[in-house]
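**Student:** Following the hints, position chain B against chain A.
Number of protein chains: 2
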Amino acid sequence: MGESLNGLKRTIMCGEPRENNVGSNITVMGWVQRKRNLGGLVFIDLRDRTGILQVVFGEEINKEAFEKADLVKPEYCLAISGKLVERQSINPKLPTGKVELLGESIKILSESETPPIYIKENLDAAENVRLKYRYLDLRRPDMQKKLIIRHKTAKIVRDFLDENGFLEIETPMLTKSTPEGARDYLVPSRNFPGKFYALPQSPQIFKQLLMVSGYDRYFQIVKCFRDEDLRANRQPEFTQIDIEMSFVEEDDVIAINERLIKRVFKEILDVDVELPIKRMSYSEAMNKYGSDKPDLRFGMEIKDLSDVVKECEFGVFKNAIAEGGSVRAIVAKDCAGMGRKKIDKLGEFVKTYKAKGLAWIAYKSEDEIKSPISKFFSEDDIKAILDKAEAKVGDLVLIIADKNRVVLQALGALRLELAKQLELLKDNKEFNFVWITDFPLLEYDEEEDRYVAQHHPFTMPKDEDIQYLETDPGRVRAKAYDIVLNGEELGGGSIRIHNTEIQEKMFKALGFTQEKAWERFGFLLEAFKYGPPPHGGIAYGLDRLIMFLSGTENIKDVIAFPKNQNAYCPMSEAPNIVDYKQLEELGIEISKLDEN
Amino acid sequence: MGESLNGLKRTIMCGEPRENNVGSNITVMGWVQRKRNLGGLVFIDLRDRTGILQVVFGEEINKEAFEKADLVKPEYCLAISGKLVERQSINPKLPTGKVELLGESIKILSESETPPIYIKENLDAAENVRLKYRYLDLRRPDMQKKLIIRHKTAKIVRDFLDENGFLEIETPMLTKSTPEGARDYLVPSRNFPGKFYALPQSPQIFKQLLMVSGYDRYFQIVKCFRDEDLRANRQPEFTQIDIEMSFVEEDDVIAINERLIKRVFKEILDVDVELPIKRMSYSEAMNKYGSDKPDLRFGMEIKDLSDVVKECEFGVFKNAIAEGGSVRAIVAKDCAGMGRKKIDKLGEFVKTYKAKGLAWIAYKSEDEIKSPISKFFSEDDIKAILDKAEAKVGDLVLIIADKNRVVLQALGALRLELAKQLELLKDNKEFNFVWITDFPLLEYDEEEDRYVAQHHPFTMPKDEDIQYLETDPGRVRAKAYDIVLNGEELGGGSIRIHNTEIQEKMFKALGFTQEKAWERFGFLLEAFKYGPPPHGGIAYGLDRLIMFLSGTENIKDVIAFPKNQNAYCPMSEAPNIVDYKQLEELGIEISKLDEN
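Chains as they are written, first to last, in the UniProt record's numbering: chain A, 1 to 596; chain B, 1 to 596.
This is chain A alone, in the form it adopts within the complex:
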């Protein structure tokens, strides 16, 4: 069953009626949140995307409507007309709580079976059920709020960039597979059997070509694809805010993006982001926080103890330093009383980051120090360590000695772990932004035994470091920048190389022959023969941005129809088998069958 509208028009949304509407005849349409029979009346809470309105039906209001209303069940879709009146028992929780609608007529537009999940906020249902019945999950007001924030954010971004002379230009989805980078999603070609398109991992090359073409300022909110094993908060298809500008340097890109960020956070959350956003070099971030995306909402900085322990008796420390490594620590405030078991667990934790062990000093009082390594140190040595670590009475000092990379990574992770355990960020509403700059241009890849590009091979080196490209590539810093919010990377970008000599040096540093470079990036290199402008840009993960703006830690909450951890959609059952004929036309065969 399902009645037609037959010309009936909605006059107002469910969440809109207020006291000033009292007395008017209105028509609302929506879903039954709740139905109650009470004192010979029928009460229906009718819900649409704007909110809930209470409707009351009674024999004395309208007998026919009353009897029909008595038939409805939750999630029936209704159209109800009648007069809006003041509500006798005000509901302060509802924005419409001071009014109610007298149900004079009702259409049952469609019926509903009992839904397999509750349509309510903060639902605690199994993820696979939520994903299978996504259309019901999406009916929940908190999910609707998130997708509305997503719409608004994209709109604000587009408005801002349009106002600032950026053109949104669509780049192709069916592109060429490039061996560098993450795994591509492939699309077999029917016209060219045996050949494949790839879905784009990013529009990087196309946006650079648009700069060569003189479009000056480009942006796009665009789907990108990576066929990687899904960690939490990754999706096979994700959305990027992709930006590129010509005739700019680092500060220009950063300045306009700060204004963009400020606008978004002001309009969506009414949060004022103070400009300029602070900046921190990659090396400072690594040394102080053991991370290139430091969470600066709390301190607990890493301190280098190497100076004060380099001549100590404790072999682990001495050797680490002698071998070029270091001894560093973080201080857990007021944790001197932490139990041995808990500390041991932290020791296990840092081992997952390849640290061999965790030394500690509990600064119990001026006179009492507890530590498994105290026997290796004089009292003065310990004082010197505590001083260097800036520990106060009551603190626990946690120390790692190893290669620098291991020490920093492990302490960086430990810092975050402790913040979680100590609930340092509980009720923290801060949005702490920082630009991380001066990234290394190249990274030594031990497996490939060569340098690989930290960002991509078109990232411009810092002017003062170009001299080291041939002699000491690891030392070269890039004109690259990431915007980090509360310890998460929101976006990142760089100034690109527009100079053929520097580009050739870069390829040499990467160990690419001319042939290899051309094979991989031929059409971009060809384009660069024809007057490329200086240019640079940035790309943001829109999904992650929306997670911040809507206060969720689950990426699936900000995507209307996400995939699960296996890149599978329980609702549409994609991927699925296809007709043999389809494969035959594409000139491919299945060589391995799904064992699932």
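Where hints are given, some of them may not hold.
No copy is singled out in the list; a pair is fine if it fits within one copy or between any two copies.
Under the rule of at most 27 Å between Cα atoms (straight-line distance), these lysine-lysine pairs were calculated in the DSSO-like manner [claimed, not checked]:
hint, residue 1, residue 2
1, K420, K388
2, K35, K223
3, K351, K120
4, K73, K35
5, K262, K155
6, K392, K426
7, K155, K145
8, K529, K9
9, K152, K223
10, K516, K392
11, K354, K420
12, K505, K68
13, K581, K429
14, K592, K581
Keep in mind that the hints were calculated from the coordinates and are not lab data.
**Tutor:** What follows is chain B alone, placed relative to chain A:
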């Protein structure tokens, strides 16, 4: 070579300086359109996306800059600073033609080889060269104008829909293949070897699910994909403006879309579209114009002669009518003098539309009529035919007798062909919109020997025709509408079925068993169990809309990086071969190799 900006900032775009800027020091950046040496001076026309500015260098202005300027060639990328002065010989063709820049310093940001195509408007170069060097083709001002119109149009559409309560919601690119419709692009799954995603042909099902989810008003500007053999003006990936609304009927969808269309044409072209846009039923369009997308910028309507010839001696006419067909004509104004050869060619033309032949009557004067079929008719009969056809002296009547479908299709095509030959639309600047409504719900597919959905299986029948769904399905009209502009379909949509009983009748009419219906549309049918609202929508081809707005007949001109007719990109060389390892991971093998 390539100089750095080193902090140099652009202060104004090339196309912006005017007389009120005279006297100020400016910095412009762009490309060399032209360089001339004249009277001991060097003149450079510098171009960016906003236009061209003349720069003059001389020994007396700045010797160093003068000497460097003398080195540059077309398409070098430059930054030039100096003082803006009044131009001595005004160039009225340039918006900046009253001023020029005295070149006091110049940076050569990058050099350029001689480009393989000219960077100028209205280039007449081979398409494959234009596509291969697309980044240079895109530098041409007329191409830039088109992409700027595309950006602006998308922006206007988004602004309008946002103002009207529509939410842009992204639907997945990796979806499930459905056997109905056009051929899908497939994407092999690595997690589920032997299974495939499909790229969406449209977000149809997802947007209906969003209505079930209560999003009320949805839109999306979104890439869609069809792996079809490419006719002119088709691309394997194309962009749709996709819209869906809840609690609406036909008139509601049409009304808001008329306002959208009006806004776009006003803001982009300053053209006033008069509202309401006229409407024409499918059957009127077919009978008068032989097309469901009639070009109404000219008349030449089809006239039915059956009544006046049904008892004539001419067997071809008589038999066609006796067999249920008809005899119809169009009148070519003032063409009575058309030569025999030309008329014969029109006869050949209609044969490609399956008409067996073309009869004609040249109404040379009141007393002179020329016609190969005149011998079958009395003078009065001929007069009756001319009267019925509304032919005037000097006109040529062109007649086809056959099954109705053939007659209408052939005359519809002939009508357009004649308009072209007679240049009826030369210099016509009109934008003639019409809504075509009341489409047949079902179409009889002779190959499959069953009815198939004209739009899709969720299109709502007209209320008054529901009764025929079981008894006479061919008679049922749909709540469907297309918006047609100058004989091209800009968009189309329908009200959807939200009533399970009607949906079941529809499936029955399509010859689907319950199982088959569920196999194909299971999750949508499942969703419809839970209170689906009445809903409907529309989808526009954005590419085609931009073609109208930018005045091009080539779809490739409105897409930054299009494919050629073989769905191949000569620039990126996509599709291309991939590593065997990639295929192995996906569990597929190549069974047929590209013979190209």
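**Student:** Output the numbers, in ascending order, of every earlier hint that fails for this structure.
**Tutor:** 2, 3, 10 and 13
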